[in-house]
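As they're listed, the protein sequences go chains A and B. For the first sequence, position 587 (counting from the first letter as 1) is numbered 586 according to numbering that gives the first Met the number 0, and the numbering increases by one without interruption. For the second sequence, position 204 (counting from the first letter as 1) is numbered 203 according to numbering that gives the first Met the number 0, and the numbering increases by one without interruption.
A few of these clues could be false.
Claimed, not checked - Quick list of in silico lysine-lysine cross-link-like pairs, DSSO-like style, CA-CA up to 27 Å:
| no. | chain 1 | residue 1 | chain 2 | residue 2 |
| --- | --- | --- | --- | --- |
| 1 | A | Lys807 | B | Lys143 |
| 2 | A | Lys883 | B | Lys43 |
| 3 | B | Lys97 | A | Lys443 |
| 4 | A | Lys611 | B | Lys30 |
| 5 | B | Lys30 | A | Lys719 |
| 6 | A | Lys775 | A | Lys102 |
| 7 | B | Lys181 | A | Lys883 |
| 8 | A | Lys611 | A | Lys172 |
| 9 | B | Lys43 | A | Lys807 |
Please keep in mind that the hints were generated in silico from the structure rather than gathered at the bench.
Letter by letter, the chains look like this.
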Amino acid sequence: MQKISENGVRRYCKRSYLITTIMRVSLIQIAITLIFCSVVSAHDSYGQGMLNREVTIKCNDISLKEVLSRIEQQAAVKFAYSGSIVNMGDKITIDAKKKELEKVLDEILKPRNICYAEDEDYIILTQFKKREKDRLDNISFNIGDQDQIERKITGTIKDSKGLPVPGVNILVKGTKKGTSTDSDGKYTINGGDNSILVFTCIGYNKQEIAVGKRSVIDLVIEENAAELQAVTINAGYYTVTDKTKTGNIAKVTAKEMANIPVASPLMALQGRVAGLEISPASGPGIAPTIRIRGHNSLRTTDLGKSIPGSTGIDGNLPLYIVDGIPINSEPLNLPDYAMMYFGGRLDPLSTINLENIQSVEVLKDADATAIYGSRGANGVILITTKKGASGKTDLDVNFYQGAGKVPYRLKLLNTQQYLAMRREAYKNDGIDLNSPDWNNETSKIYDYPDLALWDTTRFTDWQKELLGGMADITDLQLNVTGGNATTTFRLGGSYHRESQIYKDLGYNRLGANLNLNHTSANNKFNAVVALNYGLENNKTGGDATSTALYLPPNAPAIYMDNGEINWELTDNGQYTFYNPMARFESPIVSNNRNLTANVNLSYLLFQGLRIKMNMGYTDMNGTTIYKEPYSTYPPTTRQYVTPSAEFGNNHRQSLLIEPQISYVKTFGQHSLDVVAGFSYQGNLSEYQLLRGTKYTSDALLNSIEGAGAIAVSSNYSNYKYNSVFARIGYNYKERYLLNLTGRREGSSRFGPENRFGNFGAVGAAWIFSSEPWIKKTLPILNFGKFRASYGITGNDMIGDYKYYDLYKMGTSAVSYESSLSLYPSILFNPDFQWEQTNKLEVALESRFLHDRLGMEVSWYRNRSSNQLVDYTLPAFTGFSSVLKNFEATIENSGWEVLFRGDLIRSENLQWNLSANITFPRNKLVAFPDIENSPYSTLYKVGEPLSIQRTYTWTGVDSQTGLHTFLDVDNNGVINDSDKSFSYNLDSKYYAGLSSNLIYKGFELSLLFRFKEQKARLKPLPNAGNQNNIALWAWNERWQKPGDITDVMRFTQYYESTTILYNYYSESDAITDASFIRLQTLSLSYTLPQLIAQKAGAKMVKIFLQGQNLFTISKYNRYALDVESVSSFPQLRMITAGLQFKF
Amino acid sequence: MIITSYSSRLRGSIKLLILIPLFALTTSCEKLLEVDTPPASLLKSQVFADDATAQAAVRGIYSYLMSSYSVNGFHTAWRAGLSADELTYFGTSNPDIKAFEDYNILADDSNISQYWNYAYTTIYRANNVIENLEASSELSEAAKAQFAGEAKFLRAFLYFYLVNFHGDVPMVTSTDYLTNSKMARTPSETIYQQMITDLNDAIELLPAAYPTSGRYRANKAVASALLARVYLYQGKWAEAETTATAVLGNTTDYALVALSGITLPGNKEAIWQIPNFNNNIYTNEGYCFYGALYNSANQIELRSDFVGTTTLPGVFENGDARKAAWVHYDRYYKSHWVQFKYRSYTTTTSIPDGNRKENSTVLRLAEQYLIRAEARAQQNKLSLAIADVDVIRARAGLPLIANTNPGISKTALLDAIMQERRVELFNEWGHRWFDLKRTGKAMSVLGAMKPGLTANDLLYPIPASELNRDPFLEQNPGY
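Next up, chain B with everything else stripped away, as it sits in the complex (with noise of 0.2 Å):
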């Protein structure tokens, strides 16, 4: 009696031993795992799918551009400006920076990978819009388009500045990062033909007009003036004459301004200007060359780290209105100058022109005129190009050579050519630097001033980390 009561109590226990495991198998209902996006993104579904949304992700590839540590017009001017003779480097507490003027710099510098990274992941954004354009099925065609020339624009501009720094460079142009991450370094001159292309469409794409109201984003002026330079460092005089024309010719929307005006925000002279992060008057040139708040154990001064040579004042003819207007001398830095162009820092009116509102100025007519006036004498039209010169020395009250040196020689012309540049373009977005290693003149320039300049250091290391994480990847010599 007790026995089969039992068993059956037991065949009951048996039976509930059965059921948990089948409980337990029992697949957890997947439903109750959906979770929703965070609010403040976007599924790349969404992103492509409204040409209001499309549109903030072609902002998203500019916004970096504008962010304090990016490939903006301050990062990329100091470090060219230290390599070649426009800058030296003042403060103290950074060796790695000055190792940029005395061409000591690590392959493992941080601000070697800093700028780097940065390019690559405004490359990528520019990639992944491209991409993602041609997979839309939603948005309007004139969105398409336009968004796809500003993609293309933004990622030849970028790989201008790579390959001018560092030469053969990965060139990525899709998302898949499988693939790219076993790249190996592309030859620059695969990437000058792709940025040629990149430009070409984006003058196709693009409107004529600027998409937005200011000079901020990519038109076919934009794309034409980058191009016009590209095919200058190329030596392709007749395309970069033909596109610096395009620009040039249409005088309703661009002029050159008045000398202290070429900063302000939508002057005519400017082609392409990058507005202020978190909306401030004052540039990150401003900010960094004229003077940043110098904060150290005990001390907190307005004061510039990034100073012109001793030397540079003297490059100005006598007369120049640019050395008055762009150069400022402070007692803090004695026989040193600081830029000037950007004169906006902050708010109080103890500092010159400290409430003016500025915009960092990328592209700007007065380049046009000097790649023309390059290409027109390296084509031997000398008296266009001299004409093309003398608009920028009419500006800065500077004789004409068409008055002075009518008959000047092709070199000449050149080399007058070159110092109206760099007195012009003096510590803007590199130009200086560039212009040396272009045409040649690097070494022997450079050279006399600082005897530890050697070939290699022309161009900037692949960051070492790079190097460690793509073994296809090659160092540059000397690093």
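Only chain A is shown next, with the shape it has when bound in the complex (with noise of 0.2 Å):
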């Protein structure tokens, strides 16, 4: 309702439908106008059937306001009037019992020549009569249109508990001409008599005021975006409102992401957006893997299986999307050891700060994607960083600081249980360690130091000792903030520290940040300048994990007495224990720089129409350096090795240039918005790395010219496109809509003949709950739409240069005579076409009871064919592949539903909850003549990709104590003929359930993950070798003929280990590997702006975090955890930090 707020100004709500009224040069339509100006709506409510509802009223001589406010109450119901209406001074005197409103309203207004009209959300209320309004009807105005004198229009805005609120962008709708408001909640705007000014604000609820004759409009604005249709969605080239958007956008905003301990800003997405699957890295500053809605290419890396001719290339990447400019989601290039030792690649995104993200859009159907064109395939994911707010200078000081452990530890066997065990292997194998043949000094050092030579009586817990380290993390943002009603500014910089938990190792960032945004004195000219600066600084020796865990309980002390690698000498100087951790002494090293930087000029040309001109360019450098110095051999191995060091450069750059025009009309309840545009980009990325060998010493090991050798190999690419794009939006009463885009694009990637692709769109929404039947049938429904999008879009992620007939030189130093050689890179093919992906999807968005529960459902099926694959040859024609588009076809279908209750919504405490669940279906639809093709053993026509071909096991023989396979074609021999397509690893459904509560000051927020999925056991080390085992195993381990169990006997021969590889990573072995997380969980509590006064700030917040606090799950019996892409598993970190403004 209404309410008046005590410096007389009047609360309004968001959703003022634009009341279309038309002006006439006479008294009465300026009159009909101040009314107008100052209606404003209330809040969202039952629209439908408003009038036809009953109630029972009695007064006696009381204000028209007090009635009006007594009939919202029971009808719930809104008014919306101007203040002279109620302002009349007359009071009324009203019985009525359980009587239509209609019937009240009559008795009440018509005598005050009052005219009502029920709109979509209220009743609006008129001083005119009634044959004005149906004019109004039909014939509809532009308030932008009027020549109108501009004033100076000021105000401040404060939050419910009557706190200024900053930031909130105030714009004079149809117009650019926008401002936001300082740290007291001011803001200063130039309007006319008949403009609207938009306030919108994170967080808030939009609302609309008409400024009629008014030049101080104070306002107080609620919190909580429960009004999801309003909340504004980034398209890309143009936004959306939540209403109006005909795609599948799901928005991650800075508030859901604040303060979570991660370096790259995707891995706070985990769990927030359906259909949006993240497998973690090892570590920070490493790329996480991405895919949205699956897998489209047959070009894949992550599916466990190696494809042939496949190039690396993963043709599933999404398009990643900084402020309007693309950055290459292809992960950068390391040295081959140091990716082993990292773990992966290097993240293109990780010096993208996450406290400088405002937002995060995640683009899936057709609708949204298609306006990407030749790169939508796979999904985008639009980052909006922060912008600067005017008024006073505000410093915000954001800091945290925490600690991680390795939350897990598995029961391995002690001493006397490891040497049992490898006593019990010898006597399996039937070996006496007294025969001379072993009883020998050769046989001890090499076969069995653990039971000859070392202390039998010594015991580590390696997991404690290797893995119980600490990391810590420490994240401090500085960011200033202001500038006046022309200009304002952020400037920012950023401290991110992640350490790991072996000695001083780990991930150092460095940022800075600006943003700048002008508007000209008479609102046309609009300019934005971000700039973005990273410096990476990344550190590894690589993961202990596995060592931790193999590593023989007796093993020897890692360091020696005086701080030195331990290699146990013998007493001649034979080593007897190759340290693992000696490889920690020389760490890896990788430092990365990173700009981004982005301008964006716009000029109004005429009421609605508007240039723009996009730029940006990106410049990332970085270097990583792998050593490996002498101290990394055993002494005695010296001799035989020298020191070698990689160096990898990187550098890439990207400039991209996008003219663009929009044009925004309404006629009547028609309403246009159109974008067009055109888009070059250039893309430059080189690799060169740099290997020396043959250095004489450690100490030279730090620059490529200390190598006795050097060789030199590269990788360069230049890639470009260009195109040109359209969107016309289209809706009617804003209920029906629809949603054209479409772009024709080329690609340098494609020979001549084939550059050019055309992708498009259609998406169409209605909204069905503004029918007035549905109003009428189904009251409690307050907002419904259906949705419905198809298009197509392409892919273009094959790598360059693959039309060209190109020979690649061998480098001097490894070439023939050591001279220059040249030879053929590829076999060419200058054919090939875009890869293309059809995307079909259907959607009902629904809400309830005043948007309290809301629940979208969306089908999907995306279809991608013509697929581009290293298309196998036979090797004798020179080449094993060559590039070719083949007539596969991948389908990826699923069910994403969302959920999301606000099941409390009071003054002092409020509570909501979201959830989403995708239920994702990979499948090969079409393969022609796989049987023939040389992928026959690795996907089958109707089974996801993700299909694993694999023996199938029949348990431990209980007389051999060996794991069996079926003999599939009964030959005798276990090999490859015997394989069969088992299962996939396909997660058949997974989710995330959000919470949020907040009672006054404090704020509790959690986050838990769901995932159904399938894995490998996680290989046990063959019992029996110098390797610990899981205790599990031990106590269920065959022992003697007849003995029944899964686990096979301990062994120490090579022949047994290869069943037992065979078991864990050729085999149907399988389990269950299903988890729920509690990923994210935090506390935070915000000081009583009294008590932050006192210490001289606006705002103190300090809060608590907790990440990846606890995991459920069967598979935590055979690995630390269930989510590594490598074993590194997840650290539990606990964070604490504050906030303050200044």
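Both chains come to you apart, so use the hints to assemble them.
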């Protein structure tokens, strides 16, 4: 309902539907306009059938305002009216029992010459004759058209607690004139009588207010965007609202991601977006694996199978756009060994600071992605960074610090059990260690130092020793915002550090960012400059997880008393312990620098028509050094080796130029929103690997110059595309919506004949809740939308120059006669074309009970065809593959269900809950002649791409104690022909559940993730060799003929190891690895303002965050983590922090 | 009034709506899509426009022979050595390698496909050079002739090994992958004909001198040496004799050297050598046969997985200097020996001859003597044949047949030549395995040692992956 605040200013709520009105140069019209200009809407409510509701009201001589207020409460309706109507001063007396509202209103209003009309969500009261209103319905009027005298309008914006709200964006509707509130919630803007001011702020409801004659407009805005429909969503080249969007775009706001202690911004999205699967990387700075709605391409790198002829290019990467600039999503190269120790390649987004992100939008269906044409097939991730705010200069300080630990430990054997296991293995193998063959020095050193040479009473808990360390995390953000009515800025610096659990290793990042926004005095010209610069330093020694699990419990100490690496030398200098931690003495160091710059200029040519120029530049540089010094080798082997070092140098650069034109027009109940533009992008990517060998000393390894021999290899690619694109958004009555997007695009990755491709989509939506008959029949429903989209997107992730007949240079160091050699690098095919994904989606969005409950169900089906595959050729043609379009079709279909509930929405206590669940299904729909293709052993038509071809495990033979497998062809040998397609690794469903509870200044948020998945058993080491094993395996092992168990007998023979290997990696021995994880739990407290002010701050917030607090899974029996791509587990991290605003 | 102003506005909008698609239809500028090629690459047209770059493309063919996993001296010798009676697998970690010794090779074995793939990739490069030289008008005639000669020689060289390991194989002589990918196996007779044609062409095209310093590139003698071997394998005795004589006759450039010197770079016995990868002093053979860095979970030790069979030392006659010079015993190997023709592995002095520079020797003069001896013996030119064998025996410090048994029968002489080949060429480029096969003695000699041998085992399988990719290919029997 409407309230009058203390200062006499009306409190307006959002959603004033544009009351289209008309201006006539007559007094009546002016009067009408005045009325209308101060008309505001009420809160969203049951729109339909309002007038038919029954009201019981009895009052004596009270004001009209009070009467209306009572009716509002009773009938759950909202009135919209101008102040002049209710301030007429006369009192009302009425007595109505269970009367229809319509009749009650007639009784009250008719005598006062007030008309009422039912709009979508409220009842509008107007003081003029009915016939005038009829005219209004037929003729429309555009406020911005009128010549009007502008004046300065000022005001203060506060929240429901009376605190000023800074950063509220204020826009003069229909123009691009805008400003935002300063730290005191104050604003100044130019506008005329007919202007409508639009107030938006993340976390608050949007409001529109007609200026009328006022020059001071104060406002109380409502927190909590329960009004989802009004949330502005970035669709890339244009924006839409949640209400009017026709495609599937998920938005995650800064608030949801606040203070999550992760280096990669994308990791903060885990569990928050349906259809988005993120597999974490092994550590900060390393690219996680991102999949939006599954695998669309056969060119995959993450399904645990080696694709014949694969170039290692991942065709399933989404497109990343940061502030309008595409960022190459391909992870950056590292020297091979560095990649192994880092556990992956470098993340191109890691220097984008999470705290600088305003929102992340994930574009999924054709309607949303087709405007990105050639690169939209795997979805688009749009990152928008924070902007400045006008007003007094503010300093924001955000700091957190915390610590992380490996959360789980496996129960392993103690020394006595371990030694018994080893002896049992030798006994099982029929080996007598006292026989001359074995009882000799060589055998003791090489075969069983653990039994013969090491201290058999020693015990070390290697998990505690190697993985028990504490990682620390520190994050500091400083941001200054400020500006005036025309120019705002946000300038910031950040520091982020995440150490590893091992000594002196970890990730450091320094960042700087600047956002400048200027609007000309006449509000026609706007310029935005955004700069982001990041410096990264990442050091690793590798991953000690498997060492910690496998190292014998009586293995010697890692370090000697003098702190040097211990090789446990014998008296004559022979080492007996190949120290696994020697690698950590010479860390792999990666240094990267990343600049992103964006300039966006726009100019309003005339009303509704704006021209825009978007330009972007990115520059990324990095060096990774991997050293292999003498010190990593045992002393006695150093005579056979020489130190070596690898230097990997990355350089990526891109330039984007995008002139655009947009046009917005409303005529009558029709409105049109058109964007068209041209896009040019040039991408340069260089990687140079220098491998220096034959160094004579460890001290020389820091430079390539010191090498005795140098080998150089390089990758270079220059990738360009240009395109024209357009979007036409049309709606009728804001009820029937149509969205057409199209892009014609050329990519330099295709031969001259096949460069250009056309992509496009059509999306449509019907807001059926606006239909009167729905309002009548389904009063509980306050928003309902049905939307559907269909379109075509492309994929050109195939690498560059594939259509060129290129000769590569062999560097002289490795070339014949040490001179230049040239050789053909690929079999060229000038004829390949775009890979194409057809996307279909239908969805139902609904909200009930004043938006308190919301539900969205989408069904999608993406079909990727014309697959570009390195098609395998017989090797005798000279190459094993050639890039070619192939008639294979992959289908990703599925259901995504979102649920949202504002369970409690009172002044002091708010609780909301949101959940998303995805049921994905991946299927190879067609693959003509797969039986005769090399893919016959990798994929199966009708099955997901992750189908695994394995032996069928038939248990441990109770007589021999060995694993057995089904001999399908009965030839007595277990070989490749006994394998069959047995299971797939796809998840049947995955989900996220988040809850947010606010009580006064306290806020408690948590996020649970669920995932159904299967995984191979994480291999136990060969039980019997010099490796520790899990306690359960000891307990359940086969010991003697007749034992029935799943754990093979202890053995140290190679042949038996092969059987074990087959069991773990080549058989259907899989297990349920589903899990539930408490991903995030955070508690924060915002100090009452009075206390904060005493501390000299505008705002003080303290918070506590926990990451990965617990996981429930059966898989814990086998591995430290159910989720890590590499074996290093996700740390349990607890951080505490402070946020100040000065 | 309002209506009219409105409709004019509407007309403006419609105009705009028409303009947008027009704008969108404007074809994007093709020029904006032009990209430069990587600086470390050349377009084919650039490569064959200049003698220097064309020569680099020729080196590109050779360079594959030098890499660690290619058709090199080590990879050829270990498999043939295991399948014959020379080597035994001393390692424990790789049953696939042991299979070459026990004739359990699987068609999908990666050792089989790797060797095959490298051979054919090298052949592709040779075919590619041959085709592009023909098409090029910018190169000098001399360069064209030399490069074509080298490419043809290399093509013949690789087919020689493919045919001797696998029997009939697809004979690819062009780069047209669309046609080639559907080929069936070509009878080995046809391939031998092609080798003879290619080598004769090469002899005609190539200069007498080595084009560069060292003996790394083909010249007339290199092509002749291989051709002599091809004739020998074909039983074309007269041609084999003549061709070998052409090489042996050049006594200025070629001569036998001391036993310890046969692997030294540019030594006079060497007809063709391959330089080392990364300009190392040691060869693949030295690295792998004398002793590779053996690395397992808990140990690093210098040792070889490929050691001589226990019976081999016995095949040397008493007093054969080659046994002392080319065979090495190590405490580690106990009753086994390791090949010591290549004795350089690392720079450390703890290993004998660790500091000397060596090259992988592919063709050497001693073989030419033995080829001619055999060819002559087959033509009943026994005394000439004895003279040739005795050249080899003399160097080994052995009594000469001319002195001990001048009246030796043809059969006995052929046996003596075979024995001489066995001890002279042991563990080099598969000679023993091929000799046993071409002389029809494989079954009797090897079958006695290894009962598992069947006639089918004399040919290695066609890689299973190739059969998958080309339905016109057929597998060798027994696989």
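Checked hints:
no., hint, result
1, Lys807(A) to Lys143(B), "21 Å, holds"
2, Lys883(A) to Lys43(B), "21 Å, holds"
3, Lys97(B) to Lys443(A), "26 Å, holds"
4, Lys611(A) to Lys30(B), "24 Å, holds"
5, Lys30(B) to Lys719(A), "10 Å, holds"
6, Lys775(A) to Lys102(A), "18 Å, holds"
7, Lys181(B) to Lys883(A), "17 Å, holds"
8, Lys611(A) to Lys172(A), "19 Å, holds"
9, Lys43(B) to Lys807(A), "10 Å, holds"
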